[in-house]
Amino acid sequence: MNEIKQFRSATPVITREAEDAARARLLRAMHEPAPEPVRRRAPRVPRLAWRLVVAGAAAVALVAGLEVVQSDGRPDTVAVANVQELGERAAKSVEGDPHDPYAAYKRTPSPGQWLYVKETIAPLLNEPHPEVDRDSRMTRETWQSLDGKQTALDDGEGKLIIEEARPDITAADLAKSPVTPEESLARIEAVVDATPASPFDDGASRQQRVFQAISQLMREQALTPEVRAALFRALPMVEGVTVKQDAVDATGRHGVAFAYTGQWERSEIVLSSDDYRFLGTYREAIADRTLETITVKAGTPLSWTAQLETKLVDKPGHRP
Amino acid sequence: MTQPQPVETLEADDAELIRRSHDDPEQFAGLFDRYIQQIHRYVARRLGTQAADDIAAETFLTAFRRRASYDVTQRLARPWLYGIATTLMARHRRGEERFLRALSRTGVDPLPEPMADAVVGRVAAQEEDRRLAGALAGLSQGDRDVLLLVAGGDLTYEEVAWALGVPIGTVRSRLHRARKKARAALGGDDPTREVS
Chain A
1 MNEIKQFRSA
11 TPVITREAED
21 AARARLLRAM
31 HEPAPEPVRR
41 RAPRVPRLAW
51 RLVVAGAAAV
61 ALVAGLEVVQ
71 SDGRPDTVAV
81 ANVQELGERA
91 AKSVEGDPHD
101 PYAAYKRTPS
111 PGQWLYVKET
121 IAPLLNEPHP
131 EVDRDSRMTR
141 ETWQSLDGKQ
151 TALDDGEGKL
161 IIEEARPDIT
171 AADLAKSPVT
181 PEESLARIEA
191 VVDATPASPF
201 DDGASRQQRV
211 FQAISQLMRE
221 QALTPEVRAA
231 LFRALPMVEG
241 VTVKQDAVDA
251 TGRHGVAFAY
261 TGQWERSEIV
271 LSSDDYRFLG
281 TYREAIADRT
291 LETITVKAGT
301 PLSWTAQLET
311 KLVDKPGHRP
Chain B
1 MTQPQPVETL
11 EADDAELIRR
21 SHDDPEQFAG
31 LFDRYIQQIH
41 RYVARRLGTQ
51 AADDIAAETF
61 LTAFRRRASY
71 DVTQRLARPW
81 LYGIATTLMA
91 RHRRGEERFL
101 RALSRTGVDP
111 LPEPMADAVV
121 GRVAAQEEDR
131 RLAGALAGLS
141 QGDRDVLLLV
151 AGGDLTYEEV
161 AWALGVPIGT
171 VRSRLHRARK
181 KARAALGGDD
191 PTREVS
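Note that the protein sequences, when read in sequence, are chains A and B. The first sequence begins at 1 in the numbering used here and counts up one residue at a time. The second sequence begins at 1 in the numbering used here and counts up one residue at a time.
None of these hints come from the bench; they were simulated from the model. Bear in mind the structure is a predicted one, so any value in this text is a computation, not a measurement. Beta carbons: idealized from backbone N, C-alpha and C, even for Gly. There's no promise every hint is true.
Said to hold, decoys possible - To give an idea of the chain A side of the interface with chain B (calculated C-beta under 8 Å), a few residues:
{"no.": "1", "residue": "Pro12"}
{"no.": "2", "residue": "Val13"}
{"no.": "3", "residue": "Ile14"}
{"no.": "4", "residue": "Ala18"}
{"no.": "5", "residue": "Glu19"}
{"no.": "6", "residue": "Glu85"}
{"no.": "7", "residue": "Ile294"}
{"no.": "8", "residue": "Leu302"}
{"no.": "9", "residue": "Leu308"}
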């Protein structure tokens, strides 16, 4: 179980201050005439109660999900000829749109601001199986600090957890001059090359990992229009990236996608076929694969997302 | 030979320190110095550093107050301390599961980062941590305790049995079940296998 040994292996050691404080507490206790009264423990919540809370939340999400799936408006647009054209059209669309929702990020991000990201995602069907449930949806809300260093999310009980984020590469990294497709790609490739492939990359090619990194950036980071355009133009430069004419995001919106087909799975970055804005992502197994106790069949959905809203806000937890 | 003897040979083992601490309580501080970092690390990996600061401190307070009941035939007190820490963590079970689920769902680890660690290693571990977190969250408290004491705390089965006060057969069956689930979470994959 080396994986367990490695799990959170980067956990920091105890600080000098904490150790000194703990030692002082112990020494004080040694000199107390009588033992301190035992601290009363909080009553333990039965496991079943916790499960019911989770189940209740899932049921609500399921109903919400079914509603959004109904909206199936397929835009009437001309298919793009090839992946280069898709990249170019998407980039031009970002550059030329005065109402670009990302125009706000042109200015230097204020350290205090956050990017609110609201997504609809298909939840895992049955942990730890990698399959996601095609038939249910849940809403995922996160807040990303604009310096890329923190992520906040609701813990599912209305409490906000703020954590140190650890993106491979941040929007700020990519916004450094010069911002060109070649340079953006080179920076992402450098990060991929410097990062040992995790066992879960499943023998993924360098190209696939680059594709995933770009997908992640589009989902979660506050990219300037310049960077976004550069990434759209960079995608066709990644060997193996093709265009998929009809792709669907997790809310049922049809669009056109950049697709990368690897040995075991296909990944898609879905764009609106009207204005080429980012809609969401999709991943699917493309070959049967049995790994010890789990069989993943070709066609199994592994991830399905739809971006509903992104907005700059002043504080984590704030909704636009 | 004018050289002083190496300090180690002069040091008492844990049981001896505890025995001495009955008359001279301050001897117990020696135990603290030996194990505070290990205990803190074990708790921090499960609950985060903030909770670990408190629980690690409380582990030694509890141990000190219970020292009279320590089985002095056990030379090393490490499993005993891990057991106390594990018991103290039980009331944070919901917090642990919430964190594990958050990590599993979002890939964001609620645990704080070390100040200047290799960024590369952390990034690589992310997806792995995420899947494992999902599996760990799905385990019962007892199974998770055993798995993390064996794999994360490097205790033997016998030591885990003593630490948790359960029969060794229970340790074995819990570990078997926990490993099976964890392996399934990792896609049943052998991480060392080459995919051409």
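Need the list of violated hint numbers for this structure, in ascending order.
6, 8 and 9
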